[in-house]
Amino acid sequence: MQNSNDNSPDRPKRPLPPAALRALNEAEERRLAAEPKAMPTELGGRGGLDPARFGDWEIKGRAIDF
Numbered sequence: 270m271q272n273s274n275d276n277s278p279d280r281p282k283r284p285l286p287p288a289a290l291r292a293l294n295e296a297e298e299r300r301l302a303a304e305p306k307a308m309p310t311e312l313g314g315r316g317g318l319d320p321a322r323f324g325d326w327e328i329k330g331r332a333i334d335f
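Converting from the sequence shown to our numbering requires adding 269 to each position, the first position being numbered 1.
Calculated from the structure, these hints are not laboratory results. Computed from a predicted structure; not experimentally measured. Please note: incorrect hints may appear among the correct ones.
[As the list claims (entries may be wrong)] Just the calculated beta-carbon pair ranges, DEER-fashion:
| # | residue 1 | residue 2 | range |
| --- | --- | --- | --- |
| 1 | I328 | R283 | 46 to 56 angstroms |
| 2 | E327 | A302 | 27 to 37 angstroms |
| 3 | L301 | G330 | 32 to 42 angstroms |
No residue lacks a Cβ here, since even glycine has one placed at the ideal position from N, Cα and C.
Given these sequences and hints, build the entire structure.
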């Protein structure tokens, strides 16, 4: 018995129409042409890069929240 909530498709995907392919190509060109935004300098913040792991700062292996 097959589950109706199964997320795996039983049929192959249809090819995208030419208009959709053109839109995807234009969007990719815009992303490549866009200049990355410079991050503003933080006044009075702690040193180092922004927290990447779990959204918390780490000092000597301990998670520090504000």
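Query raised in the report: Which hint numbers doesn't this structure obey?
Result: none
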